[in-house]
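Protein chains in written order, with the numbering used here: chain A, 28 to 251; chain B, 2 to 232.
Hints were generated in silico from the structure; no laboratory data involved. Yeah, the Cβ is synthetic: ideal placement off N, Cα and C, and Gly gets one too. Wrong hints could be hidden among the right ones.
Label-pair distances were calculated between CB atoms; the ranges are [stated by the list, open to error]: (1) A:A36 - B:D59: 38 to 48 Å; (2) A:I128 - B:L224: 39 to 49 Å; (3) B:L85 - A:Q59: 49 to 59 Å; (4) B:P124 - A:A248: 48 to 58 Å; (5) B:V220 - A:S115: 25 to 35 Å; (6) B:Y47 - A:I227: 46 to 56 Å; (7) B:V49 - A:W135: 31 to 41 Å.
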Amino acid sequence: MPIFDWLLAVAVVALAAVMARAIWFTPPEALQGEAQKIFYLHVPSAVVGLYLACPLVAIGGAMYLWLRDDRLDRLAESSAEVALVFLSIVLVTGPLWGKPIWGTWWTWDARLTSTLFLWFILLGYTVLRGAIEDRQQRARYSAVLGILASLLVPFIHLSVRLFRTMHPQPIVLAPEKPKLSAEMGLTLSLAFIAFTLLFIALLRGRLKYAALRDRVEALEAGDA
Amino acid sequence: MSELQPPGTMAVALMIARKDLAIEYRTRSAFFSSLVFSLLGVSIFYMVWDPTAVRPIDMAPGVLWTIFAFAGMLGLHRAFGLELQTRAMDGLLLAPVPREAIFLGKALSNLVYVSAVLAVTIPAVVLFYNLEFGSGLLILGGIGILAAVGLVTVGTLFSSMTVHTRFAELLLPMLALPFFIPVVVPAAQASAKLLVGAELRTVMPWIQVLVAFDLMFGVACVLAFPFTIED
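Looking at chain A on its own, in the form it has when it is part of the complex:
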């Protein structure tokens, strides 16, 4: 059984290439200097984690409750773990960037707070999965949690938004705001591609693992 995962290898090489481009071949930002380079790691992981991986947890769960296909539960399970990885990157790089630029590691603004609690929920999600033996029960419970969590995040965002907010507004998709320079934009686009590749590779590997684990379980149950 070959262990080598060519997709993961491509993703890692792409990621390394993008980081090299970001560090050595992209001009530093005028006001923030070199500290801004963390942008090419922070923003793509946030976008891939929050808008690709997290929705898959809820969608996989909802589709499972509807179709009762084990593959959908495995999709939700795998997305949750990969989302946890990406959100952890966001939560580590955020303070590292915030300290030199904002002068503080952490601030309780809407985006930071929602991301932090989403991370907590994903952690709870994985612990919940580990605490249930029965496969169907585990799938149903985690689907319910995934769906409820998708309803919760807007509420947390709203609760904190009623305070003043400090996080910079998105500057990539906002047309009237100052745009990134062409070189920075290209590096960011490449970073998005690299992180999406990494996401797909990790998800694929995790799905393979889950499928094999379930098959082993089924075989063992058959023998007993």
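Could you slot chain B onto chain A? The hints should help.
Chain B in isolation, oriented as in the chain A frame:
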């Protein structure tokens, strides 16, 4: 013929709530532990701050609603924990009643329970923190009911799941606490404003968040509950 009609959803919910409350009334174990927990919490919170640095009036709302969330959660496990003994849950599920009625009944008994704890905790905070509440107390009561409904709907659903897991008592806070943020934060912020004599108008955005949360999660939890008890 009317005797053979199955009772309606609300009637069943009331019956289940009455049964749970009767058990609770006879033992009073969960209620008193939650009550003592919340009174202890309120007094410990007072002592860990320097009252000359932070005014008690600034601390009180946060303390009240944080303790409320923790004390409420302490009792939530009880609703379904009761049914585990002698597999009473199976009997409940075999009864020809809508599953939603079981959820509503459990939520209702939890609501009475949490409100009772709150009804003692609010005066205790007013007393210990020397608060001057005018007509604001009435609005605070309203906020309390909205917050209790939110806490109980989500908490009841999660306790119906965690009760079947290993380390249930640890897992419930882990899952439920993030969901209490949109309950505790608006309740605390609104009470803080009321305490300094603000008009009802100025706390309306917070009350709207609470109402929206109650409606959204009320519907979502009723719909999700049948999935948690399938067998």
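Status of each hint after checking the structure:
no.	hint	result
1	A:A36 - B:D59: 38 to 48 Å	56 Å, violated
2	A:I128 - B:L224: 39 to 49 Å	44 Å, holds
3	B:L85 - A:Q59: 49 to 59 Å	57 Å, holds
4	B:P124 - A:A248: 48 to 58 Å	57 Å, holds
5	B:V220 - A:S115: 25 to 35 Å	33 Å, holds
6	B:Y47 - A:I227: 46 to 56 Å	54 Å, holds
7	B:V49 - A:W135: 31 to 41 Å	21 Å, violated
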